[in-house]
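> Here's the letter readout for the chains.
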Amino acid sequence: MKYTEEHEWLRVEGDLVVVGITDYAAQQLGDVVFVELPEVEAQVAKGDEVCVIESVKAASDILAPVDGEIVEVNEALVDNPGLVNEDATGEAWFFKMKIDDAGVLDAFMDEDEYKDFIT
Amino acid sequence: MRCAIEARQCRTGAGMTEPKQLVLRDLHAELGARFVPFAGWEMPVQYAAGVMAEHLHCRTAAALFDVSHMGQLVLRGAEADRALEALVPADLLALPEGRQRYGLLTTEAGGILDDLMVLRLGDALHLVVNAARVAVDLQHLRAGLPADVTLEHERDRALLALQGPGAGEVMAALLPGVAGMRFMDAALFEWQGAGLRLTRSGYTGEDGFEISVPRMSAESLARVLLAQPGVAPAGLGARDSLRLEAGLPLWGQDMDEGVSPAEAGLAWAIGKARRADGARPGGFPGAQRVLDELASGPARRRVGLLPEGRAPMRAGVELFAAEDDAAPVGRIGSGGFAPSLDRPVATAILPIHLCGTGTRVYGALRGRRLPLAVAALPFRPAGYRKGS
Chain A
-17 MKYTEEHEWL RVEGDLVVVG ITDYAAQQLG DVVFVELPEV EAQVAKGDEV CVIESVKAAS
43 DILAPVDGEI VEVNEALVDN PGLVNEDATG EAWFFKMKID DAGVLDAFMD EDEYKDFIT
Chain B
33 MRCAIEARQC RTGAGMTEPK QLVLRDLHAE LGARFVPFAG WEMPVQYAAG VMAEHLHCRT
93 AAALFDVSHM GQLVLRGAEA DRALEALVPA DLLALPEGRQ RYGLLTTEAG GILDDLMVLR
153 LGDALHLVVN AARVAVDLQH LRAGLPADVT LEHERDRALL ALQGPGAGEV MAALLPGVAG
213 MRFMDAALFE WQGAGLRLTR SGYTGEDGFE ISVPRMSAES LARVLLAQPG VAPAGLGARD
273 SLRLEAGLPL WGQDMDEGVS PAEAGLAWAI GKARRADGAR PGGFPGAQRV LDELASGPAR
333 RRVGLLPEGR APMRAGVELF AAEDDAAPVG RIGSGGFAPS LDRPVATAIL PIHLCGTGTR
393 VYGALRGRRL PLAVAALPFR PAGYRKGS
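Order-wise, the sequence lines are chains A and B. FYI, the numbering for the first sequence is -17 to 101, going by the working numbering. FYI, the numbering for the second sequence is 33 to 420, going by the working numbering.
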């Protein structure tokens, strides 16, 4: 698993990258009450706001970690936004992206580096 | 992930003076509080349980809030009540001993300088005012009160709020005398040598108490309250969602100097004796406009709004009468997720022709126009302990 400075995790699944937010981010956010997902087949560029997460107290965005195409979104989050608090790094993935070059993920933090980053 | 709210706090935090620290700061930290700067204070926004759980706990049991940031003021003098009536359009002469009343400080233009609680105990009137307005209120009161009325800012007292359907039982276990208190009663108690000033009121829509306690006794009182069965701490986040569900306005969001009492839906806070046909009509700043609006009705008014979707719409979201209108008709004053209703809710001041229940307006959110329906306030009925 790789981690971004925006507290997203990235997991390679075949030629796809699965994206979610870290346990730390979910904890900081508090109770998530609303999730808005991107359109499937949308072409996104690194840094684009692709998801909206609203907790009881704040609104946040998930930024696209890399350039690519959204190929699948986790509709379960729309009906049950609280999943983000229950299982941020597992069932509460947000979207899957198809990227041209898996090598771009090398630039992101590994788990130890992310742990250092948040402490 | 990028958090919009945190970014805003960073910006407003820059260049500000150091926030004041609550006397219970260490206790909050021990309870897992996360702190935010608010109105010049570093305040616990939530504890380990989180806003949702704290909110729901307050609705079902009892929640303890530290609201020591609020300003506690005391007026003393032979005719302090009459003097304060020159600034507050409430019937203060008729405020009985041991009773509290909600009131407004009005501006010359008929706007709202601040909202406050006034209670009478012995020879004193005690005021509780918004933290962000303490300095403004003090200046306004000093300028408007005669020399023989003294004004004191009680910086040596903390203010706790115990709120929820379980609050009465918890409080009575410590102070049996509170059992006879009803909504908006005020009384003095002695607890372990400390003088407590209690009111049966709050800002959550629940039964409960606000407890003014000397700073040096605040921690021991808070610890004893937290040790009672059913009591859990709650932060500013839950306080905000609770008061929003209860339809209670927040100065600075739902009203300010540019909003009149009638526009804010607070005409009821103008005492009968102070109205055009009352015993002491007018005689407060902005009386002409305020009383005219009571007679003829305001051109706009604060209403509840229910977003039709699940997306929360927060303070500042612009509102439109039609999906493709260019000019907004207002903006959301308070808005967010309502845990007890499991849905987003909001309030706004809208032109009177849009204030009918069920009227549809549109909020501009992330480049789209999303529908909301006008709804009656409060969103949730209050659980106050009324009756004689």
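In short, the hints are calculated from the structure, not lab data. C-beta: ideal position from N, C-alpha, C; glycine also. Any given hint could be a false lead.
Not the full set, but computed from the structure, chain A residues with beta-carbon under 7 Å of chain B [unchecked claim]:
1) GLY12
2) LEU19
3) GLU21
4) PHE90
If you anchor each label on the Cβ, the simulated ranges turn out as follows [what the hints assert, rightly or not]:
5) GLU222(B) to GLU93(A): 36 to 44 Å
6) GLU73(A) to ASP374(B): 45 to 53 Å
7) GLU73(A) to GLY227(B): 51 to 59 Å
8) GLU73(A) to GLU222(B): 49 to 57 Å
9) LEU373(B) to ALA27(A): 32 to 40 Å
> Confirm or reject each hint.
Each hint, compared with the structure:
| no. | hint | in the structure |
| --- | --- | --- |
| 1 | GLY12 | holds, 5 Å |
| 2 | LEU19 | violated, 12 Å |
| 3 | GLU21 | violated, 13 Å |
| 4 | PHE90 | violated, 14 Å |
| 5 | GLU222(B) to GLU93(A): 36 to 44 Å | violated, 57 Å |
| 6 | GLU73(A) to ASP374(B): 45 to 53 Å | violated, 21 Å |
| 7 | GLU73(A) to GLY227(B): 51 to 59 Å | holds, 54 Å |
| 8 | GLU73(A) to GLU222(B): 49 to 57 Å | holds, 55 Å |
| 9 | LEU373(B) to ALA27(A): 32 to 40 Å | holds, 38 Å |
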